[in-house]
Amino acid sequence: MAQQGEKLLACIHCGLCLEACPTYVITGDENDGPRGRLYLMRAVAEGRLENTSDAFRTHIDRCLGCRACEQVCPAGVEYGQLLEASREELSRAQPKSDFTDKVLRFVLKHVWLSRTRLRLFFGSARVFRDLGLPRFLLKTGLARLFSQRAHFALALLENSRTIFHTSGKSVPSASQTDGQSPPVLLFAGCVGGGLFARVNRATERVLFANGFKVSAPEDQVCCGALHAHAGDLDGARELARKNIAAFKSGEPIVTNAGGCGAMLASYGHLLANDASVAEAAAQFSSRVRDVSQQLQTVEAEAAPLNKKARSVPDTTNGRCVTYDTSCHLLYGQHAGDASQQMLSAVVGPNFVPLEGSERCCGAAGIYNMLQPEMSGRVLQEKLDHVRETKAQILATGNPGCQMQIGAGAQLAGIKLQVCHPIELIDEAYAQAGVYGDGE
Amino acid sequence: MDQLTDKLIDNLGAIVGRENVLSKADELLVYECDGLPHHKHRPRAVVFPSSTEETSAIMRELARAKVSFTPRGAGTGLSGGALALDSGVVIEFARMRKILRIDVENRLAVVQPGVVNLHVSRAVLPYDLYYVPDPSSQPSCTIGGNIAESAGGIHCLKYGTTTDHVLGCRVVLAGGEIVDLSAEYNGYDLLGTYVGSEGTFGITTEATLRLSQVPPAVRTLLAEFAEVDDASHAVSAIIAAGVMPAALEMMDREIIRAVEASVFAAGLPPDAGAALLIELDGIEAGLDDEARKVTGICMEYGARNCRLARDETERKKLWAARKGAFGAIGRISPDSMIQDAVVPRSRLPEVLHAAYDIAARHQLRIANVFHAGDGNLHPLICFDSRSADQVRRVKEAGRELMEVCVAAGGTITGEHGVGLDKRDLLPLVFSEADMNAMLSVRAAFDPLGLCNPGKIIPMLRGCGEARAISAETNAVPLATKLQSAVPPPDSIEELSEIVKRAAAQGLTITPAGGRTLLNTNPATNLIVEMSRFNKIIEHEPADLIAVAQAGVPLTTFNQKLAENGQWLPLDPPDNGHATLGGIIATGLGGPQQFGYGRPRGSVIGMTVVLADGSIVKAGGRVVKNVAGYDLCKLFTGSYGTLGIITELIFKLRPRPAREATVVANGSIPELLAAARGVLDARLFPVGVELLSSSLASRIGIEVDSAALLIRFAGNEKGVAYQVEQALLHLKNASIEETGVASDDSWIWQNLAAVPVREAPSFATHVLPTKLADTSLDSHSLWQVGVADGRVRTFKHVQPNTSLDPLSQRVKHNLDPLNLFRGHDYEHAA
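If you read the protein sequences in the order shown, they are chains A and B. Numbered per our numbering, the first sequence spans residues 1 to 439. Numbered per our numbering, the second sequence spans residues 1 to 829.
Next comes chain A alone, as it looks inside the complex:
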């Protein structure tokens, strides 16, 4: 914490961040606002507050890490980085010993850092999900017999399912592109690869259709966001080094998950003090972009739907679509506009804007499992706005948000399907015949 002194001094205590912070708006407690948290961090750094203090623990833990405060900060405080440093400090000064935390640490260390075990983990989750067990438990109400947290977890898993029929959309092979096609590298992500493989496939198809040669490096691993958010910066660095090695070829790195994208974009900062990889890390981070940003580089006349010269098919069957911006896509990757533009190209008049789209949904990585009460209150506000839109489909560019909003809506009895925007693009391409005669 003490090394963060200069960064902490940037905060001039003006308070312009307060209303941007979902937790402050809910509790009204300045300890739960960015300015208050920075004040606690500074007090720890300056020795005015013990790093073993309850207040430090409680209020740093309670931060969603959405980074909405950075967007409104006139002094440019790098809050996200300071938060991670605080969590690292906490994990050393106040190691937790409760069951949840033990499980979390164990999983982050022994599952996430091992490719085989991670595959096995998501493999079983997939089997469990695809057998329809969560649905059964939720529908029969049996899920409620477990803890509230487990109940919600089942709903999260259930809501990682697809809302489209993907059969018949074949993944084009590399041979379909010519030597001129600019190559891009797909970052699959751990949850992305494990539960949202279809989103990765859709991303590949759309990129191919737009003339990119897509490949996904074999040796890539999880981005490390979960580790960093949990204060395990060493774990995050280990993963970062592996990814830097796996993506060393210098081509653009395309992501479809805001959380991963923001993490990858911060490798430069994460490894700034490691002389052996600092430069490579910075270079890596500069190559990261969301799929929507990558598609923005395509000339309008070269866009597949325009080339087909047909009217854009109504993939939503007249249903209204709304869009929720993932915080890290917005604040971490600054891709909020690109993502929304990409979506509106295929949704057109069926689009209804979501009030408070820029605010966190409460998923925040695994915050929803660690701070269920606060997460629930943040989610509630999101669901209230979703209800106002009367939309039947909500698109959002991050798997965590997708599951969170889907689970929240399901448990609240709102009829809502949640998907990734790229899935809607993919569906439009398929219906318009961009992928050949398709189905």
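For lysine-lysine, the following PhoX-like pairs were computed, each having C-alpha atoms within a straight-line distance of at most 25 Å: (1) K40/B - K7/A; (2) K770/B - K795/B; (3) K770/B - K731/B; (4) K96/A - K24/B; (5) K242/A - K213/A; (6) K40/B - K395/B.
Honestly, the hints are just simulated from the structure, not real lab data.
Go by the hints and put chain B onto chain A.
Same frame as chain A, but now just chain B:
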């Protein structure tokens, strides 16, 4: 934690729920400072009420425990005002954030104190309305805090500060008493006195805010100057030329560079010495002419370039840059001390020079971003709080800067408040007598001394309790019988002497001016004529202010101001004799108060002789001033019962280039409905008055049952357009008989001059939408302000002069012997 505190925490917890009380030392840490973090005082506890009733119960409990308290909203204040000294308790309103009611037709909103300023405007924008005060912290700061500080902002040059936009407050006093203060209350203007009292009078738990129409057209100009000096001369020239910009802001080179490096970068020229951001608003017609005029002035004063914002996006960016400027300093300096001082606009160049000199002498970096149109400076001095030497130098520089501003006729704070930060600087602008008068008023609101103690006024030897008056033994008797007059005093000292002697002899006093309205209380022994206080002391056109003695008639005053194209825009009941002192003592406005405001909004400073003979000053000579309590509001409309006004300082307006009145004849309900239609049509009339036919006939307008007068003022094109639109609306409302008076001053002069001595007027206020339910007939004499709900009848009505307990305490503390008997207030007391 001691036992006493434990018990207190338990009791507070019993009121609001234990989870709504913070009491652990670590969690209280963040409450040790506000937006000015070099002042640190950790509170004993923080308590979160959720209603007026809970707040009252909390304050009752705190009074019982004799523990002081401080209200707090978002803690964005810049005076150390929201800190609890002496281990007091912070009462935090962040959870009372509901907008309770929006009344679109009557243009008001009722809100809880924790509602964020910007959220009010956001909520009413769909109705083309907004809440005007816009401090830079508006995305976070709360209405409760705005009221406590009488917050200003960028757009108060034309539209005034918080005090001009608050219609009522529900206030909890120390001990738990709940009072409703209203702008329409027929008695002392306690609301005006309360707004800006920095939480030392009581705590707002509900506020009624005035909403205004969003101006349909806006022009934002960006003028670049090589030198700060040229820019500040241009500012004075713009105002002196009769332009009233909605905002007129300056940023110097340091600020421009800091902003351009931040998220608020807006493309400001980094090589410019200074930039002016000038916003003009109103109706579309004629606005481009004004923009051209401003551009011309800027170029004449040496601007390198002056251009319009390209589009709405750029306009928003420019303002975001301006509002984010203070925070952007965090990029170039670990700490910064933001100052807040006001100087007469015409003195800006020399004061800015002095500011740069002072900083250089103390080897500190200084950046300036400020409300140039108001003369409200915000120098930011950069430093590093980890260096004790730098901290010392910053403090010294800050004080020197304040001394320079005060010496230039300015004041120590224009909008941030005195709080803790400037408490010890208050004696720079107020004498001990002035501060004692303030303490007397404070003691009326907070006899227990528990409300945010230690703020605003430094500890004085006198404690603000009413002082005993020393009897003069060898004085010649002033009067021996009732209702006699003394020779008119010639000087304030002479007046003070008369008051002292009257007090010693147990005689009561009523001051008299033009005797327009004087309805002498039979209990008065002495009438003091103010006729020799007849000097116009100063008029500075570039500052839009004038100073005059109380006995000057309004007509004489305005003739003098007209020489420089300015005026005091008041139209009270006046047959040509009303004096400035009398107008302010009654506080009565006229038909055009809708457009120009009531007298309370025009007075920025005054000198008053109090019951103990002391001569006190309130306010100052700058247009924006929150130093000390706003006692000008208290004396305005007090009918001479609290003191005798001897000298007044007014803020003025440029004379409009053009005025015209639309006159319509029709039935009362038709005209009322049509008038409302005109008001909702995004036009900006200065007066919308409905007159009974008998009253209309008295001023030379013959109608069947009633006459509607709609007056527009402004530039040629703007007035022509609005007249045309108003006629169109009246036609659509099937009002057939209409006319336009292009030379219309006779109408309004005659209306004000309707003799009131023979038929005393009685004014009351209702909500504008309730006017239709008011019984009005065409035969009797009456006039109605359709826009503001003012109903004036000309018959003998005994005004309700009973004083509420709070007003009685104010009267008692300022005039314990009940010496001043101007009005009949004391009958009920």
